[in-house]
Structure formats: C-alpha cells, structure tokens
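Asks: Single-letter residue listing:
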Amino acid sequence: MPAFLDDFLFSYQSLIYSLGINGLLALSMYVVLAIGQLSLGQAAFMGLGAYTSALLTLKVGAPFPIVLLAAMAVPALAALIIGAPTLRLSGVYLALATIGLGEVLRIAFVNSELTGGALGLSGIPEKAGYTIIFGSLALALIAFVLVSRSRIGRAMEAMREDEVAAGMLGVDLPRYRISALVVSAMLAGLAGAFNAHVSSFISPNDYGFDAAVTILSFALLGGIGSPFGPVVGVVILTLLPEVLRPLHDFRLVFNGLIIVIAVLFMPHGLLPWRIGRTGARA
Amino acid sequence: MLKKLTALAALPLAASIWSAAALAQSKEPVTIGAIEILTGPNNKYGIAIKNGFDLALDSVNKNGGVLGGRPLAIAYEDSAGNKDQAINAARQLIGRSKVPLILGPTLSNEMFAAGPVANERKIPIVGTSTTANGITAIGPYVFRTSLPEADVVPVTLKTAQQKLGIKKVAVMYGNDDAFTKSGYDVMKGALEKLGIETLTTETFGSKDTDFSAQLTKIKSLNPDAIVVSALVEAGSGILLGKKALGFPEKVRVIGGNGLNAPKVMEIAGDAANGTLVGTPWFVGKSDPASEKFVDAYKAKYNMEPDQFAAQAYDTLFIVAKAINDAGAAEPEKIKDALGKVKYTGVMGPFSFTANRDPAETSGVVVIEMHDGKFRQFN
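Protein chains in written order, with numbering that gives the first Met the number 0: chain A, 0 to 281; chain B, 0 to 377.
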C-alpha cells in the first residue's frame, strides 16, 4: 500500500468505521420507524451487544464470529422478553418505555462488578475491520431493499400509513411489531459489538439517552422512505463534525445550523423517495 | 544623488533582514500535538490546560526553542470531551500532522480510547490531567505527569488522621462516573491501610441534587469525618446538605480531586468551610517558581491559574527538555528521553517512574476551604 494511502486510512480509520457502525444503527432505527413505531431502545440494545461481545472476548476468549452471534442473540432475546409488554404501547408512550429500558440497563452496567461499573471495560482487542463492518452493512441494506419490494414490505408500509386499516386487511400486527423489534435489536447489538472491538474501551454512558437521540436523528435527517435514507443521514451526521474541524470553536455552531436548515427545508428527510416495487403501477 | 545614497545604504539593511528571515525559515518548527476539550461543557479544564501550555511555550521559544534554535509549536485538536472525537484527533495528529508526541487528552475516559491508538503507532502520549487508575498500563508509550488519585488521596487522609485524630469515617461516592468511582477505590484502600474505620459507604448519581437520605443515615452514625469522591456539582450539594442537617462543625468533609475546585466554594458558600482536599499544586503555594508562574499567568490571561494549568505548564517544559535530550524530533528517541528526564518546576521536583507515572509525591499539599479561598492545611 502506498504510504500516503496508508496514512490516510490510519488518520480516518475510526471515522470510516463509525460510518459503518452508525449505518447499522440507523437501519436498526429504520426497521421500527418503517412500521410506524417510535422505539428508542436502540442504544440500550447496542449497549447489550457491546457488553456481551466485550465480556466474551475479554473473559472467555471466544472466537470473533461466535462473539458476533452472541452480540446479536442476547439483544434479540431481550427484545422478545420486553416486546410483549411494551408493544401494547404506541407512539410517545412506547418511546418513553424504551427510554426507560435504556436507563435501567445503564444503571445495571454501572452497578455491576462484572461490567467494570462506571469505569467500563478497557483493553478490548481491535478485531473488527473494514470487510466485516461494511460487509454487514451491505448485507443489511440488500436485505431491506429485497424486503421492501416484497409482500412484507408492503404490509410494513401499510402499517406505517394506517395501522387500523392494515389490521383490517389481514396484516398480523403483533407479529410484525415483535419481528421488527427483534431485527432492530439484532442490528443494534451487532453495531455495539463492532463499536466495542474498534474503540478498545466501552463505558455505560456511551449507550445512554444521548446515543438514543443521535440514532433517531440519523433516520430522521436521512428520511425513512427507503433504507438508503437513514444511511445518508449517517454519512452527513458522522462526517460533519470532522469536516468542520478547521472551524475550531465555531464548528458545533455550524454543525447545528446545517442540521436545522436541512430539517426546515426537507422535513421528510434528504432522501424521501421510496423503493419502486416490481409490478407496481402508480 | 542623495536618493541613490539612501538606496545604497538601504541595500545592506534589506539584505540583512532577508538573511535573518532566511535563517528563521531554515529553522523548521518542531510541532507536537495536543488533544484537549476546547468546546462543550467540560471545556474549562481544556482551556486551563491550553493556557498553561501556551504560557510555557512562549517561555521555551523566547529561550531559543528546542534542538538548537528550532521553535516549538503545538497543533491543538478539540475532543469536545467525546472519546470518539479524541480517537479521531489522535489519528489525524499521527497520520496527517506526523507529530512526534501528543499531549493530552483531558479526561481519563478519552485517554483509555486515544492512548491505545498512539501506543500502537509508537508515538509517546503524555496526559497532564488524567488521574484514573490504569492509564499508564495502556502501554509503554503512555505517560502522565498528573499525580494519580492513588498518590494524592492517601496523603490527604494521612494528614487528616495525624492532625485531627480521625478514627471513624463515613464514605460517599458517585457510582456512575469513572472518575469518582476510581477515586473511591483509592479511598477505600487508603482508609484500610491507615486503619481508619469505615462506618458506612453510601452512593449517589452524579446528577443527583438531594443527599438528605444518605446524610441523615451518616449523621446517626456519628462519624469523625465524611470522605467524599464527587464532582463539583454533587460535592457542593453534599456540603450544603450537611450544613442543612446541622452536622457538628468538627465533622469535616475530606474530598478527592473532584472537590479541588474553587467552584465548590462558589456554590456551597460557607458550607464549604473546613473541607480538606489534597492537590499537587495550589495558587497560594509559597514557592518562588510557583509565584512567578502565577504572576505571568495573571498578566497574560487576567485570571488565576488552577492546578490543571500548572500541571500543563510544567509538562511542556518536561517535554521540551525530553526533545532536547533526545537530540531529534523522533518518537522513539523522545520516549526514551522522557523516561530519564529530571525537572524541577512549579509543582516541585519531577521524574517518571519505570511505569511512566510521576515519581515524586513530595509536592502534594493538603489545603482547606476557608471563606471562599483555599489555604494551606499541613
């Protein structure tokens, strides 16, 4: 590899990793928003995945593929357990309940000796790389595109537009809701495992309310018409703070300003278009 | 004719200016990197540190720079207190700016994230304000000039034991913050070692504002003192709560590094009186080097320096000395030179241990809060 490319990749490595990891998180938000649910538990699922994977790597020394599977399975299980009671809620009540879940988990991490309490876990080896992170993101994107062109995708869109009508037309609402939550938890858990294995250090406060809101903003800025919208949101929100670095003290001001302008003038997100369906006629 | 003469006279002058400029040009600056919190809620720490660096930098460059007359320069990167941004900043300083050494980052959490990056690329990284346990265990390229809590807190507790005859205490700590938790771990060990009895250990969250439940329980146990590991806001709340509950005046609060801030006295007012903290340095320290630093700092920034500025000030001289001793701006040589450097600055004599922590703890002073000012206690 030429020296300049090597230096470039070194300088921006964690930024490029964040693009992929945040992309997975944005998709995990997209799954629930796509059926019209406002669930803010993604940060909590990400934390579960991160801690599960870090503990398996540090304490058990498990091979990385198994670590990744566990990092998806544990949040999925948690989603199944908490899904039953919380999915009876909707709208802002579901958002509140899932924020609560995040807080409960954060406090559990803080008070557990196993997870290192407030000090978190450090010295996690760097095991994730470009291939696995962006491979996962690409796979997830392809899967979502295929799903949104299928019967399931149409049912999801119907639920988002009008749940009652969708239910009357025979869409199995509870099943779709719990499936969306489980898929969302798995993607967030996977992102958490990657995050832990590229930044070498995790602590409970990384997965709190701030993270939940950031993940939501990826999806809202990009638009939820198609799975590509949230990923575009990620690219912008992740790169902006670094691109604006030369502005020094003013960078946070400009960062905020650009987001406000984007939301004001493009309320449906930057990519509002939907995926065309095979056989669909307007 | 006259015109011609003046033009002729000006010629050598111009030439001499030109050659001086050329000389300065040939002396390429040695640029080191610094990652500090320059924006966001915790920027008061980062800015104090930057001020300390800049003041020392002026002095280093006025006295001929480093490596035989090359000016020293610092490339600052902002971390905004966020560990991901600290990693990005470290990677850019190493990969693009090619700095041979990094100062910072400000918080221990940021060091746990950025330290491994520098260590992997074999670039020395020197924390000036990272006091948590395990910082230098990251790797052989991670140094710190700040005294860890493990060095300061035992001195504070020992002084309190000797001067006040403290035998039994209550402990309170914030359990959701890395800094206050690691402070507590140190306190626990030090109390055991000194043979001081711990009556109870109470926890709180760093954003809590009401501590009456914990303090009521503590009051009923009648301790000689309350040992507290908290940040400014929670610590001030505890002091106010303690006063409101009418604790006897002789029951002092003994704090960790988190309470070592004038802000505590601003918030808690006279409820802060008698609070003891240990510090590597304080503004009223009677020492000629220290007084000179305080005067220079006040003249440049129009405010009083704190311990973070003092630690940063000393660190820059230590680093400049290491670069000179290394004889080249090369990371590996600087790393070796840092390990051997001996320097006496505003905080007292300084050298690194084999584990790259500060070797000397003789500079620690125990100070007492009194009517809005710190004063020396021991």
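Hints are computed from structural coordinates only; laboratory data are not their basis. Everything numeric in this text was worked out from a predicted model, so none of it was measured. Don't be surprised by glycine CBs; every beta carbon is placed ideally from N, CA and C. Certain hints may be false.
The calculated label-pair distances, taken between Cβ atoms and stated as ranges, are [claimed, not checked]:
(1) B/T208 <-> A/F249: 29 to 37 Å
(2) B/S96 <-> A/S111: 35 to 43 Å
(3) B/N118 <-> A/V144: 37 to 45 Å
Asks: Give a verdict on every hint.
Replies: Results for each hint:
Distance hint check: the CB atoms of B/T208 and A/F249 are about 33 Å apart, consistent with the given range 29 to 37 Å. The hinted window of 35 to 43 Å between B/S96 and A/S111 holds, with their beta carbons roughly 40 Å apart. Look at B/N118 against A/V144: about 42 Å separates their beta carbons, and that is inside 37 to 45 Å.
Checked against the numbered hints above, the structure breaks none of them.
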